[in-house]
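Asker: So the protein lines, in turn, are chains Z and V. Be aware that the first sequence starts at 0, since it is given in numbering that gives the first Met the number 0, and climbs by one per residue. Be aware that the second sequence starts at 0, since it is given in numbering that gives the first Met the number 0, and climbs by one per residue.
Because the hints were derived from the structure by calculation, they are not lab data. Cβ coordinates follow ideal geometry from the N, Cα and C atoms, glycine included. Watch out, some of these pointers could steer you wrong.
[Unchecked claim] Calculated cross-link-like contacts (lysine-lysine; reagent style DSSO-like; alpha-carbon spacing at most 27 Å):
(1) Z:Lys72 / V:Lys57
(2) Z:Lys34 / Z:Lys72
(3) Z:Lys34 / V:Lys57
(4) V:Lys9 / V:Lys39
(5) V:Lys57 / V:Lys1
(6) Z:Lys218 / Z:Lys72
[To be verified] Coverage of chain Z stretches by chain V, computed from C-beta distances (three or more under 8 Å per stretch; other residues unrestricted):
(7) 21 to 31
(8) 51 to 60
(9) 147 to 157
Now for the letters of each chain:
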Amino acid sequence: MRFAVIQFPGSNCDQDCLHALRDDMAQEAEYVWHKTDSLAGFDAVVVPGGFSYGDYLRCGAIARFSPVMAAVKTAAADGPPVFGVCNGFQILCESGLLPGALIRNRSLQFVCEEVGLRVETSDSPFTCAIPVGTILRMPVAHGEGCYFADHETLRDLETHDQVLVRYVDAKTGEPVAAANPNGSLANIAGVCNRERNVFGLMPHPDRACNRRLGSEDGKRIFQSVIDTLAGRRPAPKDDAVLAPVGA
Amino acid sequence: MKARVIVMPKQAVLDPQGNAVRDALHHLGLDAASVVRVGKFMEIDLADAGDRPALETKLHALCRDLLSNPVIEDYRLELGE
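Okay, chain Z solo, but in the shape it has when bound:
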């Protein structure tokens, strides 16, 4: 599979993503500079973490107007997986490809630690290779990762099974307040769009693909995308009937 790793001025996890994809997942991956206006020839798109445009104005607010984002929107509309990590998640929210917004951590502190993540659904190209309820361990590193959406949007997200991962206590698997690193509503760590082919999350699977880094759990997310692209697992259908969380 051929992955595009978008580079904005100020991206700093582009190398982590490229390394994880090439060396840990044995995939083809290329950098794509933000001035590029086509993503032709790529099977999937990764929007990496960092501080695009210095996080000026709001995180991701300026990056969303880069030429490459028009190509990312076109790709997203065509159905290939688009995957944003950390600042990439913020950019996808700012560009309207994902619902909600990411605001200053409730603690006002930059958090840099390992978190527990519970996989809430396997019905997505990003989690199809991971059983529901699986606890993944991977690092977070951000100052503005507090997920916010209004009541209606939150209800929609739950109704349509769009919360893919939640912050939980790694031992008990419960989404308790102590396990929430940034104050995100409902312990939300990552969401997908209604069509399920765009996904953003604050934790870094790209920094959890090698045992020497403390965790290989990030591989399971990349592997889900690879399996979906290889057709080894059926891509979720638009009209899939989904049970609300807790039903």
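Go by the hints and put chain V onto chain Z.
Answerer: Below, chain V alone, put in the same frame as chain Z:
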């Protein structure tokens, strides 16, 4: 001509920065400070801005698209000298 844009977090959005500033005001003796909200103020110099209604429409669009995020913020636009 100048455009002034004030961007504030929406009422429903938690503003931990505002709370921290409120606590500092209390610490410095202003017990009366009950709520503090921190926003942004932007001043845009406009040279030869042309047709005012068209300019205002354009500025409102840019306030919604770039200068504020309507999911979490409200804005106010003032046009003047």
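Asker: Taking a Cβ-Cβ distance under 8 Å as contact, does the stretch 21 to 31 of chain Z have three or more residues in contact with chain V?
Answerer: violated (count 0)
Asker: Three residues or more, CB to CB closer than 8 Å: is that satisfied between the stretch 147 to 157 of chain Z and chain V?
Answerer: holds (count 3)
Asker: Decide if the proposed pair is consistent with the structure: lysine 34 of chain Z and lysine 72 of chain Z, CA atoms, cutoff 27 Å inclusive.
Answerer: holds (14 Å)
Asker: Lysine 218 of chain Z and lysine 72 of chain Z: Cα distance at most 27 Å?
Answerer: holds (25 Å)
Asker: Is the hinted pair lysine 57 of chain V and lysine 1 of chain V satisfied, with a Cα-Cα distance of at most 27 Å?
Answerer: holds (14 Å)
Asker: Between the alpha carbons of lysine 72 of chain Z and lysine 57 of chain V, is the straight-line distance 27 Å or under?
Answerer: The given pair, whose Cα atoms are some 23 Å apart, holds under the 27 Å limit.
Asker: Holds or violated: lysine 34 of chain Z and lysine 57 of chain V, Cα atoms, limit 27 Å.
Answerer: Distance ~25 Å between lysine 34 of chain Z and lysine 57 of chain V Cα, so the pair holds.
Asker: Would the pair lysine 9 of chain V and lysine 39 of chain V pass a check requiring their Cα atoms to be no farther apart than 27 Å?
Answerer: holds (13 Å)
Asker: Go check the stretch 51 to 60 of chain Z versus chain V for me, would you? Three or more residues, Cβ under 8 Å, otherwise it fails.
Answerer: Satisfied; 3 residues make the cut.
Hint 7 from the list above is the single one not met by this structure.
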